[in-house]
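Chain by chain, the residues:
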Amino acid sequence: MPAHHDHESVYSGLLVNDAHWAFGTDFEDPLAGVDTTVPDGVDPAVLARYCLVLGDDALVLSHRLTEWCGRAPDLEEDIALANIALDLLGQARLLLARAAAADPSCVPALPEGSPVPAEDALAYFRADRDFGNVRLVEVPNGDFAETTARLLLFATWRLALFERLAGSRDAVLSAVAAKGRKELSYHRDFAGRWFLTLAQGTEESRRRVLDALGGLWPLWPELFRSHPVETAAAQAGVGVDPASVAAEVDAVLARVFAAADVPRPEAAPRVGGAGRDGAHTEALGRMLAEMQVVARAHPGGRW
Amino acid sequence: MTTAAEPRLAEHFEATIARHDRIEPRDWMPEAYRATLVRQIAQHAHSEVIGMQPEGDWLTRAPSLRRKAVLLAKVQDEAGHGLYLYSACETLGVTRRELTEKLLDGRQKYSSIFNYPTLSYADVGTIGWLVDGAAICNQVPLCRTSYGPYGRAMIRVCKEESFHQRQGFELLMTMMRGTDEQREMVQESVNRFWWPALMMFGPPDDASPNTARSMAWGIKRDTNDELRQRFVDMSVPQAEVLGVTLPDPELAWNEQRQAHDFGEPDWDEFWAVVNGDGPCNAQRIEHRRRAHDDGAWVRAAATAFAARQAEGGRGR
Amino acid sequence: MSGRETSPEWPLYEVFVRGKRGLNHVHVGSLHAADDTMAVLHARDVYTRRNEGVSVWVVRSAHITASSPDEKDPMFAPSGDKVYRHPTFYEIPDSVPHM
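Listed in order, the protein sequences are those of chains A, B and C. Residues in the first sequence are numbered consecutively from 1, following this note's numbering. Residues in the second sequence are numbered consecutively from 1001, following this note's numbering. Residues in the third sequence are numbered consecutively from 2001, following this note's numbering.
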């Protein structure tokens, strides 16, 4: 038989550097070529902490979405959730790297000569109390309805923040927000579409999505509570005060709820401190124990 | 199904195969050709989907943000490959749901390699290097397979798969430049995966009853032993670059054959794993079944929603 | 144990991607979705996740009509030869709330 080698050329893929081989993973240094000078009049510690908490939000939710991999209702949803997790992981990596560049003192100390990059030291060598994510993102996954409801809430809120953050005086934050806007807008569409589908699907799906929304609702007000770091970052012109997007976010949600014929939940805010202050649920510590186990076992390791 | 037109149709089919042209979904084909394709493509699709599990298990423990993204993108690709291949199979008149049910009932199989556990992060690299490497050897010839939709799906799969192998090799190289403990992890992982990787090419040719017919039909392009030899010859120099020892004392270059001699895999183990007694067979199917069952209400909700939209109605 | 699923399987869609401006949409594969809107979302995630395309069309496989191929094909449904010929221009339906 004549040998047709037309397709054997895929082997050559092993030798070329194709930046598209896995979306969002082609970077070595996440901030390569970006001006990381802290803008005039901005306290580097404030900028760093602000980037860190926004990065932690993305890192923790990305991790929760990653837990769906291989477990989604269908292959198509498995792929979609992975895309969203990858987008958020990319945002987290940039924001953590930005925090480390703005204020190196926020990076945990590692043994002399450790090759672990700063953003990984922040992700893998901080204790749960040092994480500043909102509690909404750390709650364990629950069912697909809960993931849908959480993603709808989170993406709607974060999109509103990022649209303003694109005007940040910090060039890195501005660039992260400009890129993130497109991603978040897709996440919101995806979640909005599924929220509508579940709410208007079967009796069971409606019951599940209402339960999920009701369960998450007590953690929702925390996202709009201005933390001193957010207030300071907003005053310095690098960040956004989350209280300032509350009305806009509320209006968007009201439209989704109306389309889905879902009443706005009335549950009271949950007491017990705020994630931004490092006061978390029990779930975060367990999540981090798993996430950090390999990295912490090899503080001098190269990956 | 026999019709008066069948001999002429069979002639047409044979002629298409003989000139190495592709068979397309609406062409007439012998029932045995169709059945063989369904079996092979389904097994391949199932392998991609079950194959998400061994590596996916490390997603939540990936030791750096970059590795986490690489691994997630890779496991996601496997879901995509499963999807392309199920679609190719559907052109032969079966549905994805039927295929999924056959997988869960044990009526269709998947590659035995995924019944081995992943015990360290080095396994993510080793699977990329050896398992995906073996898969590439198996799959590249399939880009030229006689059935059009299968070949087209394979072109896309192979392009993505070559990056998978590269990321695995790169992870192992990086770890080999790390600590002593990391180097030990890599060697230990290679020790565990080398023989199962060789078994991925299937039983020896004299024990592979379907090979001859599949080759005559252009579904398969090389024998199991030919592909296994190619894989060994490809892997030996890569192992040298890496600085790991392949766990086969009989492995040696044969000047006369211009190929490597190598030891015999443990075929008893192979058959035991194929027949369900591997380390993780039950666990893999149970995981898949749970995901499928847990998703049933979501799929039903979307169907109900679509029906309601099509009617133009709102409200439940 | 899984029971037999009673809800019908999501229908099959064919996906066409325009790789870049100036090129035709090309058939790249299939996927399952409950309806057209979901099919577009899925197509984006499955077939353009490496930024392969600038535009995506989806069409239900069952809605494609084709000329008869040169082969007679008793294999499948005798009526309606269906292959991907002229996918009609596809617009995203307005069922997702504008947010």
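Calculated from the structure, these hints are not laboratory results. Remember, predicted model here, so these are calculated numbers, not experimental data. Check the hints yourself; a few may be wrong.
[Claimed, not checked] Which stretches of chain A does chain B cover? Using the computed rule of at least three CB atoms under 8 Å from a CB of chain B, they are:
| id | segment |
| --- | --- |
| 1 | 66 to 75 |
| 2 | 86 to 100 |
| 3 | 117 to 126 |
| 4 | 223 to 233 |
| 5 | 289 to 299 |
Positions of the beta carbon are idealized from the N, C-alpha and C atoms, including for glycine.
We went through each hint and held it up to the structure:
| no. | hint | verdict |
| --- | --- | --- |
| 1 | 66 to 75 | holds (count 9) |
| 2 | 86 to 100 | holds (count 6) |
| 3 | 117 to 126 | holds (count 5) |
| 4 | 223 to 233 | violated (count 0) |
| 5 | 289 to 299 | holds (count 6) |
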